[in-house]
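Please model the complete structure; the sequences and the hints are all you need to start from.
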Amino acid sequence: MYATTTHNGQAPGAAAKLASGLGWFSLSLGAPQVVAPDRVNELIGVRDDGRARAWQRVVGGRELAAAAGILGQRRPTLWLWGRVAGDLMDLGLLGGAFVRRRCDARRLAVATASVVGVFVADLYAAARMSARPEIAREEGPMKAKAAITIRRPREEVERRWKDLVRESDVFLLAPLEVTADEPGRRVTFRSGAKADHRVTGVALFTDAPGDRGTEIHLEFVYASPAGRLGEAVQKLSGEDPLQFAKDDLRRFRQLLEVGEIVRSEGSPEGHSVKEHLHQRPAQPLEHARPLEHAHA
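The letter at position 121 of the sequence shown is residue 121 when you use the working numbering, and the numbering goes up by one with no holes.
No lab work stands behind these hints: they were computed from the structure.
Certain hints may be false.
What the hints assert, rightly or not - With a straight-line cut-off of 25 Å between C-alpha atoms, the simulated PhoX-like cross-links for lysine-lysine are:
1. Lys17 <-> Lys145
2. Lys194 <-> Lys143
3. Lys143 <-> Lys162
4. Lys194 <-> Lys145
5. Lys17 <-> Lys143
6. Lys194 <-> Lys162
7. Lys162 <-> Lys145
What the hints assert, rightly or not - Using C-beta positions, here's what the derived DEER-type ranges look like:
8. Glu257 <-> Ala31: 36 to 44 Å
9. Ala109 <-> Arg132: 50 to 58 Å
10. Glu257 <-> Arg39: 38 to 46 Å
11. Val258 <-> Arg57: 58 to 66 Å
Computed from a prediction, not measured in an experiment: that's the story for all the values here.
Ideal Cβ positions, reconstructed from N, Cα and C, are used throughout, including at glycine.
Dropping the structure here:
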């Protein structure tokens, strides 16, 4: 299986691409700093205590604000300069940890080098966007592709796919409406009136090489009502249409090759990224017998 996403707009320059990347970086960095500051302290080598956790949450909140600003605007120049200032603040905090000897020196050195590298990227993106008024982040809907190979004849795969996409209790992207049908080749579709996501696309059916069954290639376009920031929220909440499409293709292959969606005690509803996000980490058994008596 493969899956990709690209923006369906004008090709951006290096600075615009970098700005988008920095926005996503702020989001991925800020979330754990706010939610699990103790783990972040351990990772970067800072001695964990109440003060260190408070600073992690402050910095994490700043990163999340930067992510919202950068991903929410086409020309987030001020937010990029804010990241530059934030990097200088971070270097000051890390330097203070070195001076107070409240750290794992090796890990802290690695963290400091990383911040220096990010500072250079932030400075370049902010300076370029300030000097070039025409530079803007890419906008427009997302174009996604996903594919899978199923060990079944093409006619059967196509027929079953058209039957099942209309059933909202089977696929995460369903219900869909078929808008054009070229039997044996392609099916054009769009989201139905009751669907949670607005998508339009095409499903291509081809014979797999080496007589290995049928390849399904899904190509579709979708857009979040809240723009790039909404896309970020979708990914974090497990509501990303591309991930839904990948999960649906896996489910479909299981239905055709095995006869049912494979389930386990850990995930009784089948494999889904949305369900994984709600899983809790393993907990010790309260009434487990001591090890020495386990084989008595």
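Results of checking the hints against the structure:
{"no.": "1", "hint": "Lys17 <-> Lys145", "verdict": "20 Å, holds"}
{"no.": "2", "hint": "Lys194 <-> Lys143", "verdict": "22 Å, holds"}
{"no.": "3", "hint": "Lys143 <-> Lys162", "verdict": "22 Å, holds"}
{"no.": "4", "hint": "Lys194 <-> Lys145", "verdict": "23 Å, holds"}
{"no.": "5", "hint": "Lys17 <-> Lys143", "verdict": "16 Å, holds"}
{"no.": "6", "hint": "Lys194 <-> Lys162", "verdict": "17 Å, holds"}
{"no.": "7", "hint": "Lys162 <-> Lys145", "verdict": "18 Å, holds"}
{"no.": "8", "hint": "Glu257 <-> Ala31: 36 to 44 Å", "verdict": "37 Å, holds"}
{"no.": "9", "hint": "Ala109 <-> Arg132: 50 to 58 Å", "verdict": "35 Å, violated"}
{"no.": "10", "hint": "Glu257 <-> Arg39: 38 to 46 Å", "verdict": "40 Å, holds"}
{"no.": "11", "hint": "Val258 <-> Arg57: 58 to 66 Å", "verdict": "46 Å, violated"}
Checked against the numbered hints given earlier, the structure breaks hints 9, 11 and satisfies all the rest.
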